[in-house]
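K.L.:
Counting along the sequence shown from 1, when you hit position 10 you're at 14 in our numbering, and nothing is skipped either side.
A couple of the hints might just be wrong.
[Unchecked claim] Subject to a maximum C-alpha distance of 20 Å in a straight line, what follows is the list of computed EDC-like cross-link-like pairs (lysine to aspartate or glutamate): (1) Lys-60 / Glu-37; (2) Lys-46 / Glu-16; (3) Lys-60 / Glu-49; (4) Lys-60 / Glu-50; (5) Lys-60 / Glu-6; (6) Lys-60 / Glu-16.
[Said to hold, decoys possible] Distance ranges between label pairs, derived from CB positions: (7) Ser-43 / Pro-18: 26 to 34 Å; (8) Pro-26 / Ala-53: 36 to 44 Å; (9) Ser-31 / Gly-66: 22 to 30 Å; (10) Gly-66 / Ser-33: 29 to 37 Å; (11) Ile-59 / Pro-26: 29 to 37 Å; (12) Tyr-28 / Ser-57: 30 to 38 Å; (13) Pro-18 / Thr-48: 17 to 25 Å; (14) His-21 / Lys-64: 36 to 44 Å; (15) Tyr-23 / Ala-62: 34 to 42 Å; (16) Tyr-54 / Pro-19: 23 to 31 Å; (17) Asp-51 / Glu-16: 16 to 24 Å; (18) Arg-22 / Ser-65: 39 to 47 Å.
Keep in mind that the hints were calculated from the coordinates and are not lab data.
Quick caveat, the model's predicted, so the values are computed rather than measured.
Where a beta carbon is used, it is the ideal one built from N, C-alpha and C, also for glycine.
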Amino acid sequence: METRNFFYPLHEMPPYHRYANPPYPVSLSISREGLSLPSSVKLTEEDVAYISSRIKEAIKSG
């Protein structure tokens with residue numbers, strides 16, 4: 005299962021550096037702690053079961 009950052013805060017993207025006036029605690033928190041789950045109209049029930057089981061395993065293992 006692939007992982008990636010939930011999103012990149014705009015103030016951290018090069019085109020917007022000059023507009024940044026940090027700190028942006030909410031934006032930073034969400035970008036670092038957010039969870040982006042696989043999503044597609046092509047996901048099968050088996051895919052969803054696999055993804056769900058992996059998430060449950062991760063939660064149990066802490």
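K.L.:
Now tell me, hint by hint, if it's right for this structure.
P.N.:
Do the hints match the structure? See the list:
1. Lys-60 / Glu-37: 17 Å, holds
2. Lys-46 / Glu-16: Since the Cα atoms of Lys-46 and Glu-16 sit roughly 32 Å apart, the hinted pair is violated (cutoff 20 Å).
3. Lys-60 / Glu-49: 16 Å, holds
4. Lys-60 / Glu-50: Status holds; Cα separation ~15 Å.
5. Lys-60 / Glu-6: 16 Å, holds
6. Lys-60 / Glu-16: 32 Å, violated
7. Ser-43 / Pro-18: 26 to 34 Å: 28 Å, holds
8. Pro-26 / Ala-53: 36 to 44 Å: Since the Cβ atoms of Pro-26 and Ala-53 sit about 41 Å apart, the hinted range of 36 to 44 Å holds.
9. Ser-31 / Gly-66: 22 to 30 Å: 26 Å Cβ-Cβ, so the 22 to 30 Å window holds.
10. Gly-66 / Ser-33: 29 to 37 Å: Roughly 20 Å apart at Cβ, these two residues miss the hinted range, so it is violated.
11. Ile-59 / Pro-26: 29 to 37 Å: Roughly 32 Å apart at Cβ, these two residues keep to the hinted range, so it holds.
12. Tyr-28 / Ser-57: 30 to 38 Å: Holds: the Cβ-Cβ distance is about 35 Å, inside 30 to 38 Å.
13. Pro-18 / Thr-48: 17 to 25 Å: 38 Å, violated
14. His-21 / Lys-64: 36 to 44 Å: At 40 Å between Cβs, range holds.
15. Tyr-23 / Ala-62: 34 to 42 Å: 36 Å, holds
16. Tyr-54 / Pro-19: 23 to 31 Å: 37 Å, violated
17. Asp-51 / Glu-16: 16 to 24 Å: The hint (16 to 24 Å, Cβ to Cβ) is violated, given that Asp-51 and Glu-16 are roughly 32 Å apart.
18. Arg-22 / Ser-65: 39 to 47 Å: 42 Å, holds
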